[in-house]
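For the record, the sequence lines run as chains A and B. Under numbering that gives the first Met the number 0, the residue at position 50 of the first sequence is numbered 49, and the numbers go up by one with no gaps. Under numbering that gives the first Met the number 0, the residue at position 83 of the second sequence is numbered 82, and the numbers go up by one with no gaps.
Errors might be hidden in some of the hints.
As the list claims (entries may be wrong) - Label pairs and their computed distance ranges (CB to CB):
#, chain 1, residue 1, chain 2, residue 2, range
1, B, 234, A, 332, 29 to 35 Å
2, A, 333, B, 200, 43 to 49 Å
3, B, 33, A, 392, 23 to 29 Å
4, A, 333, B, 114, 22 to 28 Å
5, B, 109, A, 342, 41 to 47 Å
6, A, 333, B, 311, 33 to 39 Å
Keep in mind the hints are simulated off the structure, nothing from the lab. Quick reminder that beta carbons are idealized off the backbone N, C-alpha and C, glycines included.
What follows is the residue order along each chain.
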Amino acid sequence: MEKKFGVYICKGCGIGETVNIEKLKKNTAGGARIPADSIKEHDVLCSSEGLELIKNDIKEGTNTIIIGACSPRVKFEEFDFSGSLVERVNLREFVSWVSEPMTEATQTLAEDYVKMGVIKTQKGNMPEPNILPDLSNELMVVGGGITGITAALESANAGYKVTLVEKEAELGGWSAKLYKETPRQYPFDKLDDPIIFDKIKEVESHPNIKVRKSTMVEKTDGQPGLFDVTLSSNGSTETIKVGAIVMAAGWKPYDASKLGHLGYGNPNVITNVQMEEMAKKGKIVRPSDGKEATKVAFIQCAGSRDANHLPYCSSFCCGTSLKQALYVREKNSDAVAMIFYKDIRTPGQSELFYKNMQNNPGVLLTKGEVTAITDAGNGNLYVEADDTFLGEKIKVEADLVVLATGIVPSTRGPQEYLDGLTEAGKKGDDAKKAYVEGTEKPDFILNLGYRQGPEIPTLEGAYGFADSNFICFQYETRRTGIYSAGCVRQPMNMSEAAQDAAGAALKAIQCVEHVAKGVAVHPRAWDTTYPDPMMIKCTSCKRCTEECPFGAIDEDEKGTPFYRINRCRRCGTCMGACPERIVSFKDFSVDIVGSMIKAVDINEDDFRVIVLACENDAYPALDSAAIKKMKLNPAVRIIPVRCLGSTNLVWVTDAFSTGIDGLMLLGCKYGENYQCHFVKGSELANYRFSKVKETLDKLQLESDRCQLVQVSISEYDKLPQMINDFVERIEEIGPNPFKEM
Amino acid sequence: MTEQIKPDLNFINSVIDAGGESLKKCFQCATCTVVCGVTPDDKPFPRKEMIYAQWGLKDKLISNPDIWLCHQCSDCTAHCPRGAKPGEVLGAIRKMTIKHYAAPAALANMVADSKYLLMLLALPVIIFLLVIASQGHLTSFPEGKIVYSKLVPIPFIDGIFTAAAIFAAVAFFGGVKKYWADMSKGVELKGDLASAVKETIMEIISHKRFDKCNVTKDRSLAHLLVFFSFIGLAITTTWCVFYLYGNKLLGIEKFAFFNFGASPYPLYDPLKIVGNISALALLTGITLVISNRMKNKDKAGEGSYFDWIFIVVIYVIAASGILSEVLRLADIAALAYPMYFIHLVFIFFLFAYAPFSKMAHMVYRTTAMVFAKCSGRG
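Let the sequences and hints guide you as you build the complete structure.
Listed below in structure tokens is the structure:
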């Protein structure tokens, strides 16, 4: 495609009052070598007249469009000219709203940004989607409980073929074991019959759903659109092809045999699961002699929110105990149910159920720490508790004690096994072998063919719950095309699990639809570019394969890396990692960013600082600060990057050899409390830059000239100050000595 | 020491039935205790009373003086985030305390239950009809100038009301004795009883506690009017006794403005002035009580039958008393005598059933306040 350039400068929103537009046009024509008649201005470029101006030029053959107006994060639809290469230069948020109007420094700033935009389009090319052949748009759902069944039904009703895989002989999971369900409808005062059996019928008769019971996943290979899944059932195996996977493997109750301190082991102390079984059978009785129970004590958080057992809240147990209290009351109106809780936690609408149950005369509640279950001598038990609302130390007689045990995600077993294996592996092959032989292997769920391991990873500090980007994209795991839903990723009640299932089904559908169009799945859901390495120069150093957070790059038998492109999220971490700089995207490459850095106007009297800003958090934060009109030092030039993980070290050389005085990297926060969109980009950048400092010192350049800052979007109001402080620090250090060379 | 808690479902249900139907809504946030202006700082109420009631811990409530330290300002009810109305619940528990200590218990149950109202009214109606019949006025009103003793002669009045008062006093005495004994269990009394009584009386006269209320602060004036008009009417009644028996037994004749002898007395008589002012104050006070309750019902709750029957009885007494006098002066016998009859019936109702009705609050609350002062919670 031969490029015909058109540069359009908007004068609206204060740009015309901050920058001398005539001078900007003139210097763009000279500096970026664009014909003067291809550089146009308009009072309000996003108006229909302004857009008409651009559209007319497109009709005349203009195909490479540089728009100097507002942030690319706004007016997205107005400036979407499909078929043309479009670059947005952020004159409003990065110049007009943050700089002193009509000064020399502001003018140079605007001219630099336009020049950088032009260079980006000169070096870049129109992206063409990479659509792999023989894609499947069928889905697989692993787990046939309420979550899996709902996910299967939602997808099937949306027109997608689904294979539903269940390990047990029957569908339904825990929800099929319930006597009654907590109310589903306003006013949330009456228990409902389990809904699961209707849903099972619906699933089993649905033309789009194939149910595979007593079936395990033996192997999951491939990539979104092209997963090859080997299923095994009663000794026979079969491989199916699916486009995306919803993993709803559910949970197991916490092992009550570890709750001896709460009396478990005594026949009259049962778990909430056993209570469901008892209620389903009929009367609520004292198991030791079958006498009808009239004083039933419920102990909440039995092993939950307890550092020695499960440190987290299992979310549904309060609702379940309130429901079971109603079993007690409905089966015998003279009976009382006494609930000892740490805090009643009834999320969402279940709060209304709590209020209704609280109003029941025979449902008695108190906060308290149960300290012991002791024998009352008559076959009954004493529940002893401290710090209750009724007194500091109390005891109350009960003929039946129900422990509200929490949930353990099905992913925890495999995760612990794998962690153990890694630990053993560190001690050598013998230790590893001994571990494998001496440890019972739990049921694995997906058996993934990924270099990062055979299961969905779990977050650090998440107690074995499946991966989930809980801040922005809760169903997303680090394995593109595989979505976790329900209690396997977070404790939740049945209605939440059903909602979760619908969400995960939509993500799975998004996945198969996007790969069919050759677009990144998420979070860059508009992006048709993809990493395109010049393999001839590859040295097989494996840095890209090691660093890709999504397992998108593997080595073939000869050790040469290859992409499974549908796993890729287009973060560019491979591009940042590659020492040979062979990885490029059509609109984002080592050369493009390097050239943009080199395009910055350098003169001996002024300082220049480059800020490489992560597009996910830092860039929108800068936009937000600009909306507040918080001033930025005009020495700063901001260049967006997909992820700090894409930062190639050569840009440091590019910057300092050109005469740039300082380089700042703005990336996401990493660590347990924050979730980087590309998982570990800023962490990797930090690691790489720790090495840069040594290099800078060797060159007798102060290592302070280069700084990485972690910022979250909510810190936008502090960001301008952080940047301005950095510029001041650079001014203290003095000009870059390479400037004169 | 570990204390054994014994939940009592029947007690929970009876608190609910007694007007504490919002009881179970409490989730123990303790906003009530924080906003309460009259609770002591140590072991404050009404948060703990709410959970005792939710768990049916009768023993911890019935003999608990805190129940009576509460003046039902309803600040707690107005601020309760859950609509649990602690003020109403404590009111219900007070009613149950009155029932618990009153003997005979059957009578207590009847006073608290609207379905026995007619039966309770029937007793004074029959008594006074019998007296009237004995005077031969069942079918015709007395002749001549309206004098109420023609309808019910004074010895009957004295006899009937003295009997009612003695019955009430005996019932009160028994109840308070038991109550004091229950409260004293396990509590060390340090204060001096006489000074506690003195302080309590001063506190009641000044209505100091009512001033700590916010939501229903108008109640102070209403209660003050009712309270002092009762005292005024008690003085008037005693004064009547002096006039009557001073003349009859000691032969004191009328002098200056003082009209010794039998009623009716002229309007300028100081006795009459005190009586009439007290009657008007009572009517004003009780009308204010009603209007305050209507005004505050959203914030403070509607109150129970137990509350309302007491208010209505006082209202009828005040209104029928004033009307009896007005109709007598207007010389309308056909209305005046029936009005006086109504007046007598309701006064009997108030006196005879006092230990079982909300009237008992004056005795139990006073006792609890004295006890609280003795035990350092005043």
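Check your understanding: So does residue 333/A sit 22 to 28 Å from residue 114/B, Cβ to Cβ?
Key -> 26 Å, holds
Exercise for review: Return holds or violated for the Cβ distance of residue 109/B and residue 342/A against the range 41 to 47 Å.
Suggested key: For residue 342/A against residue 109/B, whose Cβ atoms are near 45 Å apart, the range 41 to 47 Å holds.
**Study point:** Range hint 43 to 49 Å (beta carbons of residue 333/A and residue 200/B) holds or violated
**Key:** For residue 333/A and residue 200/B the Cβ distance comes to about 47 Å; the hint holds.
Check your understanding: Is 33 to 39 Å a correct range for the gap between the Cβ atoms of residue 333/A and residue 311/B?
Key -> 37 Å, holds
Review point. Within 23 to 29 Å or not, the Cβ separation of residue 33/B and residue 392/A?
Key: 25 Å, holds
Practice item. Starting from the range 29 to 35 Å, see whether the pair residue 234/B and residue 332/A falls in it by beta-carbon distance. Key: Because 55 Å falls outside the window, the suggested range is violated.
When the structure is compared with the earlier hints, a violation turns up for hint 1 alone.
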